[in-house]
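K.L.:
Mind docking these for me? Both chains are given alone in their own frames, and the hints should help you get the complex.
Here is how the chains run, residue by residue.
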Amino acid sequence: MGRSSTRAFLLFIAAAVILVLISLGQYSSSSFGIKFVREGYFVFERIITAPFTLIGHIWRDYVFLVNAREENTDLKKRLDEMRVQGMILEELRSENKRFRTMLDFKETHKEFTLYPASLLTQDITLIYKTAVVDKGSRSRFFIDMPIVNPDGVVGKVVGVSFNTSQILLITDPNSAIPALIESTRIKGIVKGTGGESVSLEYVRSSEDIHIGDKVITSGLLGIFPKGLAIGYVRDIRKDEHKIFADILLTPCVDMQRIEGIFGIGRDVATTD
Amino acid sequence: MWRLQTSLFGILFLIIFMEVSIIPFIWSDLRVNFFIGMIIGLIIYIPFSQGFPFVILAALVLQAFSGARIGLIPLIYIIVFLSLDVIKSLLYFENVYTQIALGFFYYIAIIGISLTFTGAAGLEEKIPYLLIGAMLTGAISPAMVYIVSRLQKIYES
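Protein chains in written order, with our numbering: chain C, 1 to 272; chain W, 1001 to 1157.
Everything labelled a hint here was simulated from the structure, so no lab data went into it.
Certain hints may be false.
Rough simulated footprint, nothing fancy, chain C against chain W, three-plus residues with beta-carbon under 8 Å [claimed, not checked]:
| hint | segment |
| --- | --- |
| 1 | 1017-1026 |
| 2 | 1111-1118 |
| 3 | 1125-1137 |
Given the structure is predicted, the values throughout are model-derived calculations rather than measurements.
Here a beta-carbon is modelled for each residue, glycine too, at the ideal position from N, C-alpha and C.
With the rest of the complex left out, here is chain W (with noise of 0.2 Å):
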């Protein structure tokens, strides 16, 4: 267990390393959310009782990287896997493009939830990014349920 949740964390360090810096630094108004993709994938393989509580923690860690009121990200992302928890007797999540409308679609919910609680004025100015931002969260999505599994089958083994 401790083996797993330490690569778990390994793999959020490096996706933080690129949502905050280097994504930034290409794109300064692009984000890219590898975090749902992750989660997808943990709720795929992981068992509840410990993915659960790394996604807690990890979205603790991320609160680190944000402005955003101390708890928020973690209640979006607890507010994520739970739904997602919620929805997976109903989707077949094990499907690409299942995965891919669900890192698109709550990309932007997680932005729509953000609005909600700050009330920001000026993101009609910000809504290509935000696509595009969807989009690119959609197309990874993939790849991190691929990585969460990987972790889960070497693990087993």
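The following block holds chain C by itself, in its conformation from the complex (with noise of 0.2 Å):
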């Protein structure tokens, strides 16, 4: 066989593939053999491209690292800023709600001269339940002022000076207000226990008293204005041999939780 002749024996199966190619149409090429090639086209280049691509990585990574440390001590940073703005944000949030409260108070009992104090200090003793606020005479504080906040009595003024007042909370040994409860008008005087709770003493125990009575403010002795929540009645103990009922009351306001107080002026008419 000539030069020439094997020339074109390889032509002819060049076209012959060529022909069998085509006609094998668009897509089929790919379940032939042609598939091998690309596999083995894909080993060859991840061979080839593995060393470049693994300092890629390596490089990218570190880079990523460096980086991805920097911007997680900022996060950080930037989240405890946003947790203590939070926080922050938390508390005038509470605050604007306590201030709300006291305001809608204020405006709900324009019949009052109101004068609004903060808490400074509490008793340093355990015993005995007093408060210093910080407003005082320069503020209109006097001594038997009564004291309220949004849930009802606090205390009354007991001390006053330029810028503090002393205030003996109704759940001091020592204080005594007279009270009435207010579905039966039955009269009698909350004392305080020196405990969370407030007693009602000196009624009688014929009276017909139930659990959950609300007791408010009778208004004598022109200290407290009428009307005013003290406390539900959360015990009654009746003894036949006793004249009087131990009833023992939850005071409306919580005591461990006082921070906004109301000061009551002095133009407000205590009496019917």
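P.N.:
Here's what the structure looks like:
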């Protein structure tokens, strides 16, 4: 076989192969052995590029890690800042709520001249229940001034200086307030026990009293205006040998959570 | 003498701040008595002629932060000071454990004396707080004694 005939044979084979491949259709070639070629190329490509990829990964990850560390520190700092800001906002929100409640209370009690104050200190002993507020005679606070908050009676002023006032809380053993049961108008004296509760004294055992009855100020003695909430009857003990019942009240005001209070001015009618 | 007294009053105002503002703000029903430890320190390190006037004046200051009958707080602390002065010959006050025990005991004793004068009835529910307060007072007493001893050494030198 001559040289020219060999070339013609190879051309013929090539043309035949092309013709067969063209006749297989657009995508059928992948199902043929071509896919092995592709796989082979893939492996080849990976082997060739692996060192470069590896270097690329190391470089990129290292740079990324350095950046990530810095970014992480920065984010943590920002997160801490946000948390602190969140706490401040939460405090501001609760303070806003408290002021709003106090404002509402002031709006609904326009008959009173109310002087706001905030708690400064609590009693140094565990037995006595007094507190010092940040308003004194300069802010028109005076001895025996009734002290309330939106929930009810807190106590009364027992000592005044120029910028501070000492308040005797209703839970103090020395506190006594003329009171009456709102529903039945039964009168008594609310006295502090030194604990969390207060007692309603001088109420006859024969009187009709129920758990949950609301006790309000009676306005007698002229210190507290009439109708301010003091507490709710929590416990009643009647003894047939005793003239008076032992009645315990839960104060309307949570004395452990007092923050803002109001002093009621002098120009208030205390009794009917 | 005046420098020592001024320093003692400075410490007194710090402990008042702790007792009436910080601690009640953290835990409303808890009271820790820092002053007992200070008195123990005064008994050990400061002469009676300087310690006793300080205790009287300090107790008058403390009275301003209590609803107790006027004079009761000074009376209580004078009793505490004098009784400690009497028993200092019987007990070794420099011992830390003695100071802790004295702090604990006197905290309870002060509550007892106050109760005698007041007749408060609702204290049963406060017994846990009372015990925690007494333990913390006992724990803080050696620290207060140490502060007084440091002051005494500073002004002595």
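K.L.:
Against each hint, give a clear statement of whether it holds in the structure.
P.N.:
Comparing the hints with the structure gives:
For the segment 1017-1026 of chain W, the assignment as covered by chain C holds, since 4 residues bring a beta-carbon within under 8 Å of that chain's beta-carbons and 3 suffice. Under a criterion of three residues with beta carbons nearer than 8 Å to beta carbons of chain C, the stated coverage of the segment 1111-1118 of chain W is upheld, 4 such residues being counted. Here's how the segment 1125-1137 of chain W fares: 5 of its residues keep a CB closer than 8 Å to some CB of chain C, so the rule of at least three is met and the hint holds.
In the structure shown, no violation is registered for any of the earlier numbered hints.
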